[in-house]
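S.K.: Residue-level listing of the chains:
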Amino acid sequence: MEILVTEHVRISVYILYAVLAFLTLLAFGIKLQKKNVDNFIVRLKTFWKIVIFLTIAFSFNFMTTAVLLAFISYLALKEYFSMIPTRNADRRALFWAYLSIPVQFYLIYIGWLNMFYLLIPLYLFLLIPARMAIVGETKDFLKSCACIHWGLMVCVYALGYVCAYFIQDFKLSLPQGALGCVLYILYLTIFNDFMQYVFGKSFGKHAITPKVSPHKTWEGFIGGVLSTGIISIWAAPFLTPLSAVEGFVVGLGLACCGFLGDIVMSSLKRDLGIKDTGTILPGHGGILDRVDSLIFTAPLFFHYISYFYN
Amino acid sequence: MNIAKYLFFAGIVKPFVKLIVGVSVHGGEHLPLSGPAILVANHNSHLDALVLMSLYSSTKIGCIHPMAAADYFCNTPFKKFFFKKLIGIIPLKRNPFLQMHQDIFAEAKKALKQKEILIIFPEGTRGTNNHLQDFKTGIAHLTQDLSKVPVIPIFIHGTDKSLPKNEGLFVPFITDIYIGKALFHKKEDNKKWTFALQEQVRQLQEQFFKEHPALNK
Numbered sequence: 001m002e003i004l005v006t007e008h009v010r011i012s013v014y015i016l017y018a019v020l021a022f023l024t025l026l027a028f029g030i031k032l033q034k035k036n037v038d039n040f041i042v043r044l045k046t047f048w049k050i051v052i053f054l055t056i057a058f059s060f061n062f063m064t065t066a067v068l069l070a071f072i073s074y075l076a077l078k079e080y081f082s083m084i085p086t087r088n089a090d091r092r093a094l095f096w097a098y099l100s101i102p103v104q105f106y107l108i109y110i111g112w113l114n115m116f117y118l119l120i121p122l123y124l125f126l127l128i129p130a131r132m133a134i135v136g137e138t139k140d141f142l143k144s145c146a147c148i149h150w151g152l153m154v155c156v157y158a159l160g161y162v163c164a165y166f167i168q169d170f171k172l173s174l175p176q177g178a179l180g181c182v183l184y185i186l187y188l189t190i191f192n193d194f195m196q197y198v199f200g201k202s203f204g205k206h207a208i209t210p211k212v213s214p215h216k217t218w219e220g221f222i223g224g225v226l227s228t229g230i231i232s233i234w235a236a237p238f239l240t241p242l243s244a245v246e247g248f249v250v251g252l253g254l255a256c257c258g259f260l261g262d263i264v265m266s267s268l269k270r271d272l273g274i275k276d277t278g279t280i281l282p283g284h285g286g287i288l289d290r291v292d293s294l295i296f297t298a299p300l301f302f303h304y305i306s307y308f309y310n
Numbered sequence: 001m002n003i004a005k006y007l008f009f010a011g012i013v014k015p016f017v018k019l020i021v022g023v024s025v026h027g028g029e030h031l032p033l034s035g036p037a038i039l040v041a042n043h044n045s046h047l048d049a050l051v052l053m054s055l056y057s058s059t060k061i062g063c064i065h066p067m068a069a070a071d072y073f074c075n076t077p078f079k080k081f082f083f084k085k086l087i088g089i090i091p092l093k094r095n096p097f098l099q100m101h102q103d104i105f106a107e108a109k110k111a112l113k114q115k116e117i118l119i120i121f122p123e124g125t126r127g128t129n130n131h132l133q134d135f136k137t138g139i140a141h142l143t144q145d146l147s148k149v150p151v152i153p154i155f156i157h158g159t160d161k162s163l164p165k166n167e168g169l170f171v172p173f174i175t176d177i178y179i180g181k182a183l184f185h186k187k188e189d190n191k192k193w194t195f196a197l198q199e200q201v202r203q204l205q206e207q208f209f210k211e212h213p214a215l216n217k
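First to last, the sequence lines map onto chains A and B. Following the numbering used here from start to finish, the first sequence increments by one per residue and tops out at 310. Following the numbering used here from start to finish, the second sequence increments by one per residue and tops out at 217.
Note that these hints are calculated values from the structure, not bench results. It is possible that part of the hints are untrue.
Unchecked claim - Here are the computed lysine-lysine pairs in the DSS-like style, where the Cα-Cα straight-line distance is at most 27 Å:
(1) B:K165 / A:K139
(2) B:K210 / A:K139
(3) A:K275 / B:K181
(4) B:K110 / B:K148
(5) B:K113 / B:K136
(6) B:K110 / A:K275
(7) B:K210 / A:K275
(8) A:K45 / B:K113
(9) B:K14 / A:K49
(10) B:K210 / A:K143
On a predicted model such as this, the values are computed, not experimentally measured, just so you know.
Could you put together the complete structure from these sequences and hints?
M.R.: Written as structure tokens, this is what we have:
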């Protein structure tokens, strides 16, 4: 199956690369003036790698997309299992949890959407505790069950939605193809993260979640949500079937959801007493640090589209 | 150069360690890029040696040799071929009677003289549940005349969950490697020096659990 790449999608990718190139030149320009921007350059370098990886993932056919997204899902799940305490007795259950990744992405690949909806929320939900009960270690049983399934929902099911946009029959009603929707959600999520950070840095005074993350402020939140809504007025009609007004409202909603995803992951990290979820993306932390907002926005926007436009 | 070992690492071991296992290195600046040197680490899994060797590029892999028990790794012709040719181990005879009558480190010393890098697990055998066992003094005997060879303490976490002792099923977990500053054996008491080395690894372990408090059980 080919992935539909329309003119608008292409233009949006050119813009992304242009922005990245501009930031890179800017960073080296500042560096020439002997100012310390090494941190920023490390982040930028990683960002280039992510963008190039995703460009490859979406440029060939649906098979490549599914395989590469399954790999990201695998890295995320591994990161999650490595940071939470696991029992020795859970090893078999964890193995089955990993196996669900190829199964789920295969289901998406063949377009069996209903089975994708059920696989992890229902079948793995039953299978994991069953496997653990057969092993028979009862100490901390519930805790382990809950932890493993939460990880599956986040790292496999929610991330699977990024791939599910491409399912064939779903593609038909989208003027810019599924890729338009996926890029819309990716751009918006990244833009929201970035704007919340910028507004928080410049105007931040009143903490919004003092216990979870003292650096997040009301000013950052409101600034991020509004600017995401505004950019969505242009981006939504450009890349998705949404109209400008609808785009504004959906943009605001997605920005709020992205923020929620962010603080959920922060709460988890605080609970575990760690700063980042991993070290695989230098300057950004782990995979889960990067996709935390996406975990909320991708499935919600998917169901919004399939409810109103299918 | 050993072509079989190069191909085995470049084609199988390194892709497996980098893509499937995933390694997170802390203190990578302490890792010696060329020999002679001795890497010393805690030992909980068969993966330990492969993961440490994968820190080096495939072109250097020929110079890295883990030391391993002869009675376990070379007791059948197939195992002997596999571990000597493809992994490049230096077999060590664990028989106390032999140890009195010949220099069991002869081969290791020769490798160090040729500027190669050794990997030694001084706990002697794989442990369980991430508990650091007392180091054996063999490493001190090996280095007592080699005061210029840096000994690098390393703490590995994660391999004991991926592939513990007495388990055949591999389950992926990220491996964290903490590398400490080099130690040199300067004609001290062998027991004392071994203990100092063990203390270094224990401190790296402490650092790991400080950064990952939830994993400390």
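S.K.: So which hints don't hold here, by number, going up?
M.R.: Hints 6, 8 not satisfied by this model.
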